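K.L.:
Residue-level listing of the chains:
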Amino acid sequence: MNIAVGIAAPDVTLADREGNEVRLASLWQEKPRVLLFVRHFG
Amino acid sequence: MCREHVVDVREEYERFLEAGGDVAVVTMGTSEQTAAFRERNQLPFICLADPKRVAYEAFGVPRGTVAQVAGPAVWGGGLKAVLRAGIGKPVGDVLQLHGSFIIDRDGIVRFFHLPKNSVDRPTNEELIAQLVLL
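Protein chains in written order, with our numbering: chain A, 1 to 42; chain B, 1 to 134.
I should point out that these hints are in silico values taken from the structure, not numbers from a laboratory. It cannot be assumed that every hint is accurate.
[Said to hold, decoys possible] Here are some chain A residues pointing at chain B (derived, C-beta under 8 Å):
1) I3
2) A4
3) K31
4) R33
5) L36
[Stated by the list, open to error] Here are the computed lysine-lysine pairs in the DSBU-like style, where the Cα-Cα straight-line distance is at most 35 Å:
6) K116(B) with K31(A)
7) K52(B) with K31(A)
8) K52(B) with K116(B)
This one's a predicted model, so the numbers in the text were calculated from it and none came from an experiment. Don't be surprised by glycine CBs; every beta carbon is placed ideally from N, CA and C.
Here chain B stands alone, though its shape is the one from the complex (with noise of 0.2 Å):
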């Protein structure tokens, strides 16, 4: 799903500039597979490199049971996910779910969402619509 995610934001990512926000990605691969995620679905945005899960366990980012990861609620979405965006081998934990967040300038969480699987997510005008507001 996060890889439709990235692009979906990339899609709209000049509404997310001029809601005066701007977008970075943390993924678990290295820093030459971080450069590879980044390439291949063209992201314009800054994308760091976590592949000892440092960030995604400072920000509470969980770790999924099977179900939540490939049960019947994801597959659905899933499918959709890899119509889109086509289907790539795994880096890193296949457990792992994903998180997205929202930092104001005095560095302070103003939004968050952590998934109840591995296609939920918010959209990218629940995400503007919270920018909009710092």
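Pulled out of the complex, with its shape left as it was, chain A reads as follows (with noise of 0.2 Å):
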């Protein structure tokens, strides 16, 4: 999928950092969020 703005972004659930589930869907629920995705830890 082309990502594009107006579209619904995508909702894919991954781990925090202690392990648990988080839903994407959940980080914007009441606040607009800045998601940045990092190249590498280096």
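Reconstruct the complex from the two isolated chains, following the hints.
P.N.:
Shown next, in the form of structure tokens:
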């Protein structure tokens, strides 16, 4: 899928830093959210 | 570059909050690596682990070519990033590029930036300017 302005953001489930599942959609329920994907940890 | 990006955002995090938004980071590491990354960079916002790159794929965050990741176009910014943030050992896919998105309360993508190379990214000003509109 190509991302574009105006489309619904993908909602996938990831783990937080303690291993708990987090749905991405929960991140933007209350506030608009800047989501940054990092390239690596280097 | 991305360490610099998250550090830049961290340094002005209050402005993101004042603009009515918040920030989250997705890494390619495990939960443990993500916890270490968050700690090392003193990030106050939520950091999520995506070692299988499910979200990277879903959002279309690209892998780059070697030239995009390590070519002449990135040397200046890359050197700056190294000087600012220190050198670390890469974890994950070294050809993976980064990406920045803003999603509104209805779950709609309102802004995105996918890079031309490993040092191409939006400024805090650009991101905050988008947040205040939402």
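K.L.:
Decide, hint by hint, whether the structure agrees.
P.N.:
A quick look at each hint next to the structure:
no.: 1; hint: I3; verdict: 5 Å, holds
no.: 2; hint: A4; verdict: 7 Å, holds
no.: 3; hint: K31; verdict: 5 Å, holds
no.: 4; hint: R33; verdict: 5 Å, holds
no.: 5; hint: L36; verdict: 5 Å, holds
no.: 6; hint: K116(B) with K31(A); verdict: 29 Å, holds
no.: 7; hint: K52(B) with K31(A); verdict: 27 Å, holds
no.: 8; hint: K52(B) with K116(B); verdict: 23 Å, holds
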